[in-house]
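Number of protein chains: 8
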Amino acid sequence: ARSGFEEVIFCQGKQTQHLVEIYKHFYEHDSNVLGTRASREQYEAVKEVLPMAQYDEMSKVLSIYSKERELTGCVAVCTGGTSDIPVAEEAAQTAEFFGAKVKRIYDVGVAGIHRLLSKVDVIEDANCIIAVAGMEGALAGVVAGLVDKPVIAVPTSVGYGANFGGLSALLTMLNSCAEGIAVVNIDNGFGAGYMATQINRLAER
Amino acid sequence: ARSGFEEVIFCQGKQTQHLVEIYKHFYEHDSNVLGTRASREQYEAVKEVLPMAQYDEMSKVLSIYSKERELTGCVAVCTGGTSDIPVAEEAAQTAEFFGAKVKRIYDVGVAGIHRLLSKVDVIEDANCIIAVAGMEGALAGVVAGLVDKPVIAVPTSVGYGANFGGLSALLTMLNSCAEGIAVVNIDNGFGAGYMATQINRLAER
Amino acid sequence: ARSGFEEVIFCQGKQTQHLVEIYKHFYEHDSNVLGTRASREQYEAVKEVLPMAQYDEMSKVLSIYSKERELTGCVAVCTGGTSDIPVAEEAAQTAEFFGAKVKRIYDVGVAGIHRLLSKVDVIEDANCIIAVAGMEGALAGVVAGLVDKPVIAVPTSVGYGANFGGLSALLTMLNSCAEGIAVVNIDNGFGAGYMATQINRLAER
Amino acid sequence: ARSGFEEVIFCQGKQTQHLVEIYKHFYEHDSNVLGTRASREQYEAVKEVLPMAQYDEMSKVLSIYSKERELTGCVAVCTGGTSDIPVAEEAAQTAEFFGAKVKRIYDVGVAGIHRLLSKVDVIEDANCIIAVAGMEGALAGVVAGLVDKPVIAVPTSVGYGANFGGLSALLTMLNSCAEGIAVVNIDNGFGAGYMATQINRLAER
Amino acid sequence: ARSGFEEVIFCQGKQTQHLVEIYKHFYEHDSNVLGTRASREQYEAVKEVLPMAQYDEMSKVLSIYSKERELTGCVAVCTGGTSDIPVAEEAAQTAEFFGAKVKRIYDVGVAGIHRLLSKVDVIEDANCIIAVAGMEGALAGVVAGLVDKPVIAVPTSVGYGANFGGLSALLTMLNSCAEGIAVVNIDNGFGAGYMATQINRLAER
Amino acid sequence: ARSGFEEVIFCQGKQTQHLVEIYKHFYEHDSNVLGTRASREQYEAVKEVLPMAQYDEMSKVLSIYSKERELTGCVAVCTGGTSDIPVAEEAAQTAEFFGAKVKRIYDVGVAGIHRLLSKVDVIEDANCIIAVAGMEGALAGVVAGLVDKPVIAVPTSVGYGANFGGLSALLTMLNSCAEGIAVVNIDNGFGAGYMATQINRLAER
Amino acid sequence: ARSGFEEVIFCQGKQTQHLVEIYKHFYEHDSNVLGTRASREQYEAVKEVLPMAQYDEMSKVLSIYSKERELTGCVAVCTGGTSDIPVAEEAAQTAEFFGAKVKRIYDVGVAGIHRLLSKVDVIEDANCIIAVAGMEGALAGVVAGLVDKPVIAVPTSVGYGANFGGLSALLTMLNSCAEGIAVVNIDNGFGAGYMATQINRLAER
Amino acid sequence: ARSGFEEVIFCQGKQTQHLVEIYKHFYEHDSNVLGTRASREQYEAVKEVLPMAQYDEMSKVLSIYSKERELTGCVAVCTGGTSDIPVAEEAAQTAEFFGAKVKRIYDVGVAGIHRLLSKVDVIEDANCIIAVAGMEGALAGVVAGLVDKPVIAVPTSVGYGANFGGLSALLTMLNSCAEGIAVVNIDNGFGAGYMATQINRLAER
Ligand SMILES: Nc1ncnc2c1ncn2[C@@H]1O[C@H](COP(=O)(O)O)[C@@H](O)[C@H]1O
Ligand SMILES: Nc1ncnc2c1ncn2[C@@H]1O[C@H](COP(=O)(O)O)[C@@H](O)[C@H]1O
Ligand SMILES: Nc1ncnc2c1ncn2[C@@H]1O[C@H](COP(=O)(O)O)[C@@H](O)[C@H]1O
Ligand SMILES: Nc1ncnc2c1ncn2[C@@H]1O[C@H](COP(=O)(O)O)[C@@H](O)[C@H]1O
Ligand SMILES: [Mg+2]
Ligand SMILES: [Mg+2]
Ligand SMILES: [Mg+2]
Ligand SMILES: [Mg+2]
Ligand SMILES: [Mg+2]
Ligand SMILES: [Mg+2]
Ligand SMILES: [Mg+2]
Ligand SMILES: [Mg+2]
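Residue numbers (my numbering), protein chains in the order written: chain A, 1 to 205; chain B, 1 to 205; chain C, 1 to 205; chain D, 1 to 205; chain E, 1 to 205; chain F, 1 to 205; chain G, 1 to 205; chain H, 1 to 205.
What you were told as hints is all true, and nothing was included just to trick you.
Stretch-level coverage of chain D by chain F, calculated; a stretch enters the list once three of its residues show a Cβ under 8 Å from a Cβ in chain F:
#1 141-150
#2 177-183
#3 192-199
Honestly, the hints are just simulated from the structure, not real lab data. Just so it is clear, CB atoms sit at the ideal spot from N, CA and C, and this is done for glycine as well.
Please put together the full structure from these sequences, using the hints given.
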C-alpha cells in the first residue's frame, strides 16, 4: 500500500511461519494491517505473537488496528442472498479498513424484487455501491438501473450445476444493459472494497 | 404434429424446391401450416404455388391458415429489449398458431425495472409467461419472482463480447433463484411457444 | 412461498444453528416446511428441536408436515438410470409437498428403449412429465416425442469424462428436436418439481 | 491409401490448379480416386482435364471410378434428420468407394422413435452401423441399445444456439450409456465411412 | 438517461427508419443525443433529417450536440495498441458527451513499457483511468499498479488465435493482482466512458 | 447384456448392499459377471457372499467366472505411458471377459517413437487396436497411420494443467488425420473393450 | 525492433493509407522492413510508393530488403500437412529476415510417420526446430522426441469440427510428454520465427 | 534422457515400490537422477534404499547427484509472486541438474513494475529467461519487451475465480504482443527448465 499506514496481505496459501513474520514486520513499520482469506490456524499463530490481532470467521479477515482512523463518506454493500455474505464482508471490511463508512443491505436478490426496491433510498445515498451475487447474478444490473452511482459488481461462486464456479454470475454482470457497472473477479470482495474506497475518497475530498 | 390439423416446418437450410413440396403436401393433407426461420426467398417460392401463404418479416414465420381456429386462454410474451422481438414473435405466433391468445409486453428489461413493475397485473393474468432476453438475461428470473405462473425462459443471442452467442443469458436463466422457470435453447422462440400452448391448453380444458 | 402454508429452505451451506432457527420460525408461522440438500448433521440438529422433522437420505429432503394436504392431479417423474434417483426424488417430493400426486418411472434410459416404451401409457396420463437423466441425457427428448404433455428436463451430474459435471446432458436437453421440452439447472430437482406443480395446478383447477 | 487402387483427397482449401494435378497424378497411377469436400468450382476444373470425374452436389464428393469394384457385406447409414444427409452421404459414398454395400435409413431421429423402431430389422443385418445426427445427437445411443453391432457415431454441426457448432451432439455421443459406440469428429463422414469399411472387410473376409 | 438533457442510443442492429425516429424524438425533447455503434448508412439517413448530426468514423459515434456543456475534471484513456483506438474513442467520446475532460494516451502497451512509464505523470492527474487493451490485455494491471486512482479496464476483441474474441484480455484483467481495477464487457467503450464520468463527477462536485 | 451368459455392472457409486444383491442375482441366473470401477470395499463385501469373486486392484475390475469361455481372435491394447495402464486394463479385461484374446503393448508413447515402431508387427496382427493415452494423446493417430485395422482411441484423464481432465487427449484423437480411428469417452476402457470385442467377433466368425 | 536495421509491421487491420506511411517512415530510417498478414490490396498501395516492396501471396509477407544481410546457422521448419504451409512460410521468412538460414521440411505429419523419420538427419542439424501443425497437432511432440534441440510448436487453425479454431492442436502441443517444446499462439508463425532466430543467434555467436 | 548420465522421473502418481526400483535402476546405471513432483512419503521410501537422495520440500524435487557436473552459462528465473516459487524452483533445479547456472529473481510481478525494472540488468545477462506467473500472467510479456533473449513463459495455477486453474495466465502468455516468448503447460517448471538448458548449451558451446 502506498498510503503510508496500511498494509494488505493475501493470506491464502502462505506458510504459517512466513505469514507471522510478514504481520510482525508490517506491524512494526506501519501499524494497521489487513489480511484476507486467512484460516483460523493462521489467526492462532499470528495472535500468539501479536495479541491485538482480530479475526472475523465469516469474512476470513485477520486484521490489526493500532492507529485509529476516522471513517468518511459512504459505500453501500448489497448481496443477493445470505450465502454471499462472506464475500460481501470481505468487501465491507476492506472498505472500512481503508477509511470508508459502509452500509450493509444483505439478502435483497431479484427473485423477490420488492425487498430491494424498499431499500433504494438508502442505497442512493452512497457514493458507490458494491453488488455481490452468485447464481444468476442479476442484482448488479438491477441496482445500476435504479441508482445513478458507480456499481462495482462482485460475482460469487455460490450456486451449483451450470453456474460453473461463478462463471454464470460473472457473465451476467459483464453483459448487463444498465449504465454504470464494472466487474471484479469471482469472490474478489477485497478488490471491490479497495476500488470503492478510491471512489469514495474522490467524492469526499 | 399429432393434433390433426396443424403441421410445423423448420425452414432454415432447406432447399427451396424441397420446401415448396413439403408445404404443398401439408397444405393438401392438413390445412394449417407453420414454417419458422423462413427466408424471403423461400416465401416467394412458396407463394408462387400457394398464394394464400403469409410471411412475417420480423419473426421469419411463413404460415398458411386455411382452417379457422378459436383462440383460448392467455400466454404472456415479454422481452428485455427491442432487439429480442424477432425471437419473441416466433414464440407468440407459434402459440397463436396452436390456439392460444397472446399478450405482448415488450422492452421491459431489468435495467429500467419500473416499466416491468407497471405491467405485473397484466402478466399475472396469463396461464403461462414466455420471457425473452439477451445480454444479461435477467428478465426471466425477475418475472418468475413477481408472478406465480410457470415461466418459460428464452435466451437470445443478442449482445456482444462476453455474451458468447447467447451463452451468458442462457446461464443466467438456468441459474435463476426464482421459483417456476425452465429454459429452452438460445433463440428458440418456437420451442417456448409450443410448450406454452401445452400449458395453456391444460389450464383451459 | 406465496401460498400461505408452505415454506422452502435451501439447506446446503447454511450453518446449523442458523438453519434450526429458520425451521423453528417457519414451523411456528406456517406449518409445512420443505428443506432440500440437507445433510444428516443438519437433520439431527433440527430434530432435536422439532422432533416431527422427517429426513429422506436418498433425496436429502428434510421436511415438516403439520397441516395435511390433499394431493391432486398427476406428475410423472422418469429417470434414465438408478444413479439419477436422488435428483428425481428431490423433484418428486417437492411436487408432493406442493400438492401433486406423483408417479415414479425409474431406470428407463434410452440404451434399453423397450423398458421406456412399455411405460408410455402410464406417462401419458400425467399432466406434466419430469425427465431426469445424466450422461447422454437423451431420455427427455425421447419422452417428449412420445407424449404430448409438457416435459421438464433435469440434467444430472451423473457420469464421468466428457460429461463435464452435467454439461453434456444439459446441452442434449437444450438441443432436443422434440416438441414440448424446457430445461432446469443441472441436478435441480426442486426447480423441476416446483414448476411441475404449477402446471399440474393449472390443469386441475 | 495403402490398398493399391484407391486414393483419397481432402479437397477443401486446396488451390484449384494444385488439386487438378493431384487428381491427374492419382488417376494415372492408381485409377480410382475419392475427393471429399469438393466445391463445384473444383469439380468444373477437374472435369475439364478428366471428363470421367463425377460430382455429387449433396455430399461434395468428387470421384473417379476407372477400375470396377464389387461391393460386399453391409454397412447401415442412419440419420436423425434430413439436414444430416450431406454428412451421411459423405460416409456412405466413402464406404462404397472402399467396397462396402450400404443401406441408407434416413430421417429416423429419436423425437419420433417409432420410425426408427420399424427399421430395426434392416439395421440389424448390417456388419456395422454409422449413426449421423446433429442437435441433441441421441440417435447413436438409441441405435446401439437396439442392435449388437458396432456403431460409429458422427455428430453433425446441424443446429443452432447451445449446440455450439456440433459440440452438443458430440458430447451426447461420447457420453452414451449404450454398449458398442465410438465417435468421430463433427461432420467427419469420411472418417466414419472409412472405419466402417475396415470393420465390414473383417466381417466378410 | 436520467440527467435531463442527454440521451443514449445503441444503434447497432436498429432498422434505419426506426433509428431516425428515435433521433428525431430525442432531439426534439432533449437536445443532446449520443448514438454508439452507428454505421455510415445510419449516419446518412439521420443527417438527411437532422443536418447537425456528427459522425466519427473511427468510434462509430453518431451524435447531436445542441446544448452546450462545460467539461470538468479529467478522465485518462489509455490503449495498448493502435488497433484498440476505436474502442477507446467510444469511451472517450462518451465521457466527453457526459461532461468529462478527457486525456488520450494511446499505444502505450506493455511490450514496450518505457513509453507507458514516461506518461505516468499525466495519467496520475486524472480522477479515473480507462485502460483499453486486446491480446494479452496486461496494460490495465500495470497502470493500476503505477497509479492510485480507479482503473476501468476494457478488454478488446483485437487479436487472433487463442484470444478467442477477447476472452484472453478479459481474463487477464479480471485476474489482475494490482489494486483498484474493475472490468467491463469486451469492446464496451461506452460502459467504461459512462462509469468514468460518474466517478469524475463525484470527484468534481 | 444380450448374449446369454455374461452380465456387466458399473459399480462406481452403487451402495454396497445393493451391489452385493446384483452380483448374487446375476451369478445365480447367468454365471459370468463383470463389474467395473469397483472399490476394494465393494470387493470385500461381494467376496463375503460369493467367495469365487476376483478383484484386480489396477483395473478395479471385480469379476466372477463360473462358466469357462474360449478366447478367440486378437485385440491389441497399447498405452502411451504407464499411468494409462489402469484404463488399458479395464479395456483388456473387458475384451477378455467377452471372449477376445488380448495382446498388451504398454508404454509406447510418441515421445519415444522407436519403441512403438519396434512393435508394429505385433500390433498389425490384431483384428482391432485399442489405443489408450493421456496428456497429448497422439498415440492413437500414429498407430492408425501405421496399421490398416480399426483403432478405438481412449483418451485418459492422465496429465495436469491444460489437459483439462482429459479434454486435451480427447480433442487430439477426434482431430486425428489418420484413417480408421474412432473415439470413446475419457477413461472409458470398458466401452473400448466392448466395441473391440464386437469387431473381433465379426472378424472371427 | 531493437537491432538497428530491421523493423516489423503487423499489417492486418491497418488502414491502407496509415500502413503506407509506416512503410515509408521505416524505409527511410531503417532500410529493411518486414510486414506480416498483409493483403494484396495493401501490397498494391505500398508498391505504388515503394516499388522495391516484395509480396509473397502464400505467407502474406510484404517486405522491403534494402540492406543485404548474410544468413547464418540453421532453423528447420516442419509442417504436418500442406495446409499448414502459409503459417510455416510466415515463420520461415521471419527467420530469414532476421538472419537465419532456414530448411523447409513440409508435409511430414504423423499419420504417415515414415516420411518424417526419413528426414530426422536433416532436422537434427538445425539449431532450433519450428513444428507447424493443425488438426491433432501431434507433429511437435514426435519431433521433440526424436531430436535434442529446442522445438517451437505452432498450432494452426487448420481443421474443422472439434478443432475449435486451433484449440485442439494448441492443447496437444502444450500437453506433449516430450522434452524441449514450447508453444506460441495459434497461427503465430511470426512469433516462432522470431524466437527461433534468437536461439539461432545464441548458437552461432 | 539421451545424454548418458542424467535420468528424469515424473514421480507424481507412481506407486512407491515401483518408484524406488526406478531410482535404484537409474542410480546403478547412470548416477545422476532427477525426480519431479515427488511427495515426502516417496522421498522417505527412496532414502531408505538410497541414503544420498536429496529432497526439496518447496519444489518437490527428489534428486541424486553422484557424478559432479560443472555449471555453465546463465538462465534467469523470474516469478510474479511468492506463490509461484514452487514452480520456479522446479524449473531452476531442472536447469541446474542439466548443467546451467541459474539466477533467481523472484516476486517481481507487474503490479509493482519498478521492482522488475530495477532487475533488468541482471536479467539481460542471461542466455535465456524463464518467466513464471499465475493470475494475470503479464510478467512474461513485460520481460520479453525489456530484454532481447528468448523467454520461456510458465503459467501457474495460482489464483482463484476466473483464473480457471491457470487458463487465464496461459492465455495471457500465448497472446503476448512482445517478441520472443513461447509457453509451456500450466505449472510445467520441468519443461521450461529443460528447454532453457537446451538454449543455454547452444549459447555456451
Ligand atoms: N472429409 C474428410 N475429413 C477428414 N479427413 C479426410 C476427409 N477426407 C479425406 N480425409 C483424409 O485426408 C487425407 C488426404 O489429405 P490430403 O493429403 O490433404 O488430400 C486422406 O488420406 C484422409 O485421411
Ligand atoms: N456501445 C454500447 N455498449 C453497450 N451498451 C450501450 C452502448 N451504447 C449504448 N448502450 C446502452 O444502450 C442503452 C440504449 O439502448 P437502446 O434503448 O436499445 O437504444 C443506453 O441507455 C445504454 O445503456
Ligand atoms: N466403466 C464403464 N464405463 C461406462 N459404462 C460402463 C462401464 N462399465 C459398465 N458400463 C455400462 O454400464 C451398464 C451397467 O450399468 P448399471 O445398470 O448401472 O450397472 C453396462 O451395461 C455397461 O453398458
Ligand atoms: N514436472 C514434469 N512435468 C512434465 N513432464 C515431466 C515432469 N517431470 C518429468 N517429466 C517428463 O516425464 C518423463 C519421465 O516420465 P516417466 O517415464 O513417467 O517417469 C521425463 O523424461 C520428462 O520428459
Ligand atoms: Mg446506474
Ligand atoms: Mg414464480
Ligand atoms: Mg411432446
Ligand atoms: Mg449395441
Ligand atoms: Mg492502483
Ligand atoms: Mg490406419
Ligand atoms: Mg527433444
Ligand atoms: Mg524480447
